[in-house]
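Colleague: Chains as they are written, first to last, in my numbering: chain A, 1 to 278; chain B, 1 to 316; chain C, 1 to 361.
Incorrect hints may appear among the rest.
Said to hold, decoys possible - For lysine-lysine, the following DSS-like pairs were computed, each having C-alpha atoms within a straight-line distance of at most 27 Å:
#	chain 1	residue 1	chain 2	residue 2
1	B	11	C	350
2	C	44	B	193
3	A	187	A	218
4	C	346	C	221
5	B	65	C	350
6	C	180	C	201
7	C	294	B	66
8	C	201	A	269
9	A	143	A	228
10	C	346	C	239
11	B	235	C	44
What the hints assert, rightly or not - Derived, one-sided and incomplete: chain C residues facing chain B with beta-carbon distance under 10 Å:
#	residue
12	33
13	36
14	48
15	180
16	183
17	215
18	261
19	264
20	273
21	276
Unchecked claim - The following residues of chain A were derived to be distant from chain C, with all beta-carbon distances above 12 Å:
#	residue
22	78
23	140
24	156
25	161
26	163
27	189
28	194
29	197
30	231
31	257
The set of hints was computed from the structure by calculation and includes no laboratory data.
Even glycine gets a Cβ: it sits at the ideal position worked out from N, Cα and C.
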Amino acid sequence: MTGNQNPYLPELATVTKVIEETPNIKSFQVVFNDAEKMKNFTFEPGQVGQLSVFGVGESTFVINSPPTRMEYLQFSVMKAGEVTTALHGIYEGDVIGVRAPLGNWFPYNDMKGKNILFIGGGIGLAPLRTLILYMLDNRADYKDITIIYGSRTPPDLCYKDELKEWEERSDVNLILTVDNEFPGWTKRTGFVPTVLKEEAPKADDTIAITCGPPIMIKFVLEGLAELKFPEENIITTLEARMKCGIGLCGRCNLGHKYICKDGPVFSLKQLKELPSDE
Amino acid sequence: MSTQKLKEIIKQVLPDVEAVICWQEGFDKLNVTPIFITSPEQAEKVVWNPLCAQNLASYLPSQKKKVAVAVKGCDSRTIVQYMQEGLIDRNNVVIIGIPCKGIISKKKVQKAIGNEPVEDVSFTEGSVKVKTPSGEKTFAIADVCPSKCTSCQYPTPIVYDQLTADPIQSDKPAESVYADVAELEGKTLEERKAYFLSQFDKCIRCYACRNACPMCVCQDSCIAETRDPHWITQKLSLDEKLMFHMIHALHLAGRCVECGECERVCPMEIPVAKLKKKINKEMKELFDYIPGVNPEDKPPMYIFNVDEAKIKEHKL
Amino acid sequence: MADKGYLPKEKIKEFVEALGKDATVFAPCLEGDTIIFRQYTPDKEISLDRPANTPPKGAIYPQCETLLSFEFKKEADNPQKMDVELKVNTDFPKAVVFGGRPCDARGFTVIDRVFIDTDTADPYYKKRRENTTIVTKCCNGPVAGCFCVGVGGGPAVTEGSDVVMTEVDGGYYLEAVTDKGKAVMSLPMIQDGASYEAKAKAANEKATAAVRNPFPEGADKISAELFDSGDFWGNVIEKCLSCGACTFLCPTCYCFNITDEQAITTGDRIRSWDSCMFQHFTLETSGHNPRPAKHKRFRNRVGHKFYYYPEKYDGAIACTGCGRCIRYCPVSVDISEIVGYLRDPKADPKAWAAKKEDAKN
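One chain only, chain A, in its complex shape (with noise of 0.2 Å):
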């Protein structure tokens, strides 16, 4: 937390620039309105943050921009239900709340010197986000970076200017694709899991970091499993609807584990020995 002694204060903060990502997502540049607390600020790649709408509510999102570039902190907001409506109808300049980090984030530490490959669907960029670029701003700690990212058109798909300059880089093998023929769109077409079987990564030695929606979750886990992906080595974030982000409020759990302070970052040995209620 930011040091606020109770942990439902959010800290007050201005959204300094709204970026349109596709049609119905916007990323938000935030700075705390205290700068003293936002030169203090600390946060690790994977931890969370609720953001307030005052007279509305709070949802959770990931901190996106990773803890190497703390001009702002950046957040995604997919348009869908009251929260993230109101979010979308903020403009630069306006005050908002901002809880963070919560819960807990990637491995970054255990994966230093292994191959690693993200595999992510649509918002599901986001959190990976965070990790990609904290990689790459310490390249030199990583082998081989893979990326399959993929989203149902080429409107859909997040951070396009970043999408470019990953391209673009040598030491990064970006696969995009989509799920259809669209016009205009060169690159791969199919869905993220068969695009995985067909490129076939290597588990020797690479953690695999996967986030999108529930149904591209269960086909990338399984592909991977024939992949011979060890379970340990096979990592996820979690999402479920969250209230306090502290784990007491009794919704988002797995068993004993709370998904908002235990969570959202679980590997999927970890996973397989809690209950589920799927």
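Fit chains B and C to the given chain A structure using the hints.
Modeller: This is chains B and C only, laid out in the frame that chain A set:
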């Protein structure tokens, strides 16, 4: 006894349905609990006695397949209302009708025995004997029944496929139905308001009344919880509680089948049915309509007549 | 200060009013046939005849409370810009919970582990808890549904209480459990109690013997296989109405909702009790719901109390056996019976599946 007959009927209909919904003994002798019977051996567990208060017809709209259900006369009005409102497919329900001479209010018995734990309960014609650590007490069922039984007009189910015993006729005068509303009407508006506010002040917003109500069809989109529209907040103020109960009552205008489940299930013992009954009386006087008695009827709030016989129009 | 005392019955009102001198007293008050914990005022009638319909949980953990208030303010020199001002209430006066039962007092200890013994403690609960003295009435015997002795409690256990009172000889024998409790014993109407101790002990033993234990000796492990069986849950919980009576009457349930309630330029962010039995409790914006079916929700509730919580807190059970969820369930769902099945060493998960198969044939 009709329990034996009930078991026979259940075993007979079981092969044609996914489940038979009936009652079995509950956690103590003063409680029964619903059972969804799927095997002949489970049928042996069923009971039929004046403790069988739960209106099992309430489960029907959520059933995906064909089921059978045991209903008392009062419960059958729920089914009739479902038919009027198109909430069930009659072909998917086997109705096992039970002629009933009156049930027991568990709350009244508990009060009468000083809330002692119950060791045994037995029935003889028209009375119930309750054994507790401090001894036995016998009550006439008429003295410990819910108020709906004191004016019951439909002791035999209105619709059924099978009947567990010979039909019985009501011996209660039709005027008695709204006798308890008269008491309310005798009060001034201010007194009525004060009465309802003091009652609703006990509400803990658990929504047992709503969820047990067979005619509360909004369920998970209830105005009490939804934020779209955001008419009721989650605050625990009396205003919010009153608003919820008023909307609940108004949504049941001309639809409430007077099964009394809302009141029976209230853990805070709020007389939640009273308001609904008062509205039903108004509906009867205005539209000459009684909910849940004729499958061919349409609830008055579902239809529109240019000229209502008993509503004075402003002839503009 | 003495830690044993005696209070004649006719002095109860005087005692409660003395407790209320510098504190808010929450006491079981009779309203019609209902007994509810209310803020005591002299016009109210206290009833200790049976456990209250509600536990006293709300005295320390209110069903609804304001976490923070917000106000929108326009900047005078830049009317385009809207500022937000936040205010937090941190003033929690001294309070006394009077006349709860041992199961009710133990309920607070269950919530303490979650809300206080954590690095993100709940400041509202924590401060109220620190400022509250709990004066508990031991039970003379069980009422319908009680099973405290099956979950490590009993009609006279002291855990969570500061003072316990046992009914003897036209009054109450009082025993201080904590230093906070000792302070209570110095009130002037408290007489010397040492001579009542033996009688109180006997009364409490008698009461304890009268409470049912639904779990047979040695049956303290939940069968993981049965717990994971959808057939089992589907079967035992089909009758559930998904209302919140069980959770709102529970002395240990603590799940909550946070909502913003706004009026023009001001508003409150409030925390209100929520129920894991409600379908929308886990409903996500996307429409996905990890627990869409009532049997999944009920499984989580039982799991939380008897499986997950013990796993996290060294075997402690998040149920105090008060029996309210059984007593007041609209359809008489009996959680002790369900946990009994789950713990039955002879439990056969296939038995539940088999029943459904039989029916289909």
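Colleague: List in ascending order the numbers of the hints, as given earlier, that are violated by the structure.
Modeller: Of the numbered hints, 8, 14, 15, 16, 17, 19, 21, 22, 31 do not hold.
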